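Engineer: Use the sequences and the hints to build the structure in full.
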Amino acid sequence: MIYPQRFSNLPEYAFPRLRALLDGHAPGGNVVHMSIGEPRHPMPPFLGAVLQDNLQGFAKYPVNEGTPPLLEAIAAWVQRRYGVSLGPERLMALNGTREGLFNLALALCPEEKRGAQPVVLTPNPFYQVYAVAALATGAEPQFIPATEATGNLPDYTALDPALLDRVALAYVCSPANPQGAVASRAYWSALLALAEKHDFRIIADECYSEIWRDTPPPGLLEAAAETGTDPERVLVVHSLSKRSNLPGLRSGFIAGGPESIRRIRQLRNYAGAPLPEPLQAVAAAVWADEPHVTENRALYQQKYRIADQVLAGVPGYMGPPAGFFLWLPVADGEAAALKLWRETGVRVLPGAYLSRDTATGNPGAGHIRVAMVAGADEFRDGLTRLRACLYS
Numbered sequence: 001m002i003y004p005q006r007f008s009n010l011p012e013y014a015f016p017r018l019r020a021l022l023d024g025h026a027p028g029g030n031v032v033h034m035s036i037g038e039p040r041h042p043m044p045p046f047l048g049a050v051l052q053d054n055l056q057g058f059a060k061y062p063v064n065e066g067t068p069p070l071l072e073a074i075a076a077w078v079q080r081r082y083g084v085s086l087g088p089e090r091l092m093a094l095n096g097t098r099e100g101l102f103n104l105a106l107a108l109c110p111e112e113k114r115g116a117q118p119v120v121l122t123p124n125p126f127y128q129v130y131a132v133a134a135l136a137t138g139a140e141p142q143f144i145p146a147t148e149a150t151g152n153l154p155d156y157t158a159l160d161p162a163l164l165d166r167v168a169l170a171y172v173c174s175p176a177n178p179q180g181a182v183a184s185r186a187y188w189s190a191l192l193a194l195a196e197k198h199d200f201r202i203i204a205d206e207c208y209s210e211i212w213r214d215t216p217p218p219g220l221l222e223a224a225a226e227t228g229t230d231p232e233r234v235l236v237v238h239s240l241s242k243r244s245n246l247p248g249l250r251s252g253f254i255a256g257g258p259e260s261i262r263r264i265r266q267l268r269n270y271a272g273a274p275l276p277e278p279l280q281a282v283a284a285a286v287w288a289d290e291p292h293v294t295e296n297r298a299l300y301q302q303k304y305r306i307a308d309q310v311l312a313g314v315p316g317y318m319g320p321p322a323g324f325f326l327w328l329p330v331a332d333g334e335a336a337a338l339k340l341w342r343e344t345g346v347r348v349l350p351g352a353y354l355s356r357d358t359a360t361g362n363p364g365a366g367h368i369r370v371a372m373v374a375g376a377d378e379f380r381d382g383l384t385r386l387r388a389c390l391y392s
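All residue numbers for the sequence shown refer to full-length UniProt numbering, where the first residue is 1 and numbers rise by one.
One or more of the hints may lead you astray.
[Claimed, not checked] Here are the simulated distance ranges between beta carbons:
no., residue 1, residue 2, range
1, ALA359, ASP199, 26 to 32 Å
2, LEU106, GLY361, 28 to 34 Å
3, ALA376, LEU163, 42 to 48 Å
4, ARG19, ARG262, 39 to 45 Å
5, LYS197, GLN302, 39 to 45 Å
6, THR150, GLY319, 17 to 23 Å
7, GLU295, SER184, 25 to 31 Å
8, ARG342, GLU112, 48 to 54 Å
9, PRO161, GLU343, 48 to 54 Å
10, ALA271, GLU12, 20 to 26 Å
11, ALA271, LEU55, 24 to 30 Å
12, ARG185, ALA376, 29 to 35 Å
13, PRO161, HIS33, 44 to 50 Å
14, ALA49, ARG342, 42 to 48 Å
These are calculated hints, taken from the structure and not from any lab test.
Everything numeric in this text was worked out from a predicted model, so none of it was measured.
No residue lacks a Cβ here, since even glycine has one placed at the ideal position from N, Cα and C.
Structural biologist: Listed below in structure tokens is the structure:
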């Protein structure tokens, strides 16, 4: 049973808040949607044929943990991308990575840690599933600032050792949503050492790993392999939504230690919804194909250059090294989003809607998040309007 009081202090989800802020006002121009991170580049061209060849799979209950061909395709991709060899016992296919990010906490967070309520660490700003997962388990979420001062990643190493002793799980998103910051090998190594010292697991949300400007972001799996870390210490979540422009496929995976994967599979047996087998066949084909990913990345790299051109000279502008969001400084995120909508028709997300109020304030309040998902011409037009409206 989930007790309602656990959720009484959770802010409303970002996009209902955005609709409440903007939808009572007419847009001030042709609408340009830059608020939601829904990829709009072309899907891989071979999907229809693969699906057609596997339609008979809809007549069967799908394999819970992932079909052997899908797990083999995922393992081969991990080997190519990170140089890490994983057997099928260390993988589970997901029906969308939100399922994994939530259910990992349910499967792995203990009822108490060292005789006290366990703590789940999350960056702030953050993907709100992290906090809801912590609350669902009865853990205490701790929102750790991820600001320019900390490299736009949470500095868990600076926390009080007494708090760290209560930590059960620590979420990290790299490349970060919304800032695009990338965890370096040194960052991962320091966090792994901290997790060993204080006995907690790291959940790495790496859904934006294949969208980068110059250099592929290092991953937690390769850092764990290089440092000889216990595989049970790390859980890594990946997705086809951003890599392959397939948010509607709802396909991703978890990689971790055999015991952790056994526990998440067991939870899925009772409370999950595995991906239908025809869609698992599609996912296997997509993980096995890299040319479409290279083409997709080139489109985003073009938009990095457009952003750098249009926003050159804007105080505080920093082009992201990875991901597909711009995290732009403004005096007040809500006021800026409303002004932009009413005067230009450009729709963006106030940064405060992705952050939690803390004793030191809301680290997203002075920002807006701009999704770089539109085509190059529309993206340039939207940014040009945005600059004229907010920074002239």
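Engineer: Would you mind marking each hint as holding or not holding in the structure?
Structural biologist: Hint-by-hint comparison with the structure:
As the Cβ distance of ALA359 to ASP199 is approximately 27 Å, the hint placing it in 26 to 32 Å holds. Between LEU106 and GLY361 the CB atoms are about 31 Å apart, so this pair conforms to the stated range of 28 to 34 Å. About 46 Å separates the C-beta atoms of ALA376 and LEU163, a value consistent with the hinted range of 42 to 48 Å. For ARG19 and ARG262, the Cβ-Cβ distance of about 41 Å falls inside the hinted range of 39 to 45 Å, so the restraint holds.
Under the hint 39 to 45 Å, the C-beta atoms of LYS197 and GLN302, about 44 Å apart, fit the expected range. A C-beta distance of roughly 19 Å is found between THR150 and GLY319, which places it inside the suggested range of 17 to 23 Å. At roughly 27 Å, the beta-carbon separation of GLU295 and SER184 lies within the given 25 to 31 Å, and the hint holds. In this structure, ARG342 and GLU112 meet the distance hint of 48 to 54 Å, their C-beta atoms being roughly 50 Å apart.
Range check, PRO161 to GLU343: Cβ separation about 50 Å, and the 48 to 54 Å hint holds. Taken as a hint, the range 20 to 26 Å holds for the pair ALA271 and GLU12, whose Cβ atoms sit roughly 25 Å apart. For ALA271 and LEU55, the Cβ-Cβ distance of about 28 Å falls inside the hinted range of 24 to 30 Å, so the restraint holds. A hinted range of 29 to 35 Å holds for the C-beta pair ARG185 and ALA376, which are about 32 Å apart.
In this structure the hint that PRO161 and HIS33 lie 44 to 50 Å apart at CB holds, the actual value being about 45 Å. Checked against the hint of 42 to 48 Å, the C-beta distance between ALA49 and ARG342 comes to roughly 46 Å, which is consistent with it.
The structure agrees with every numbered hint stated previously.
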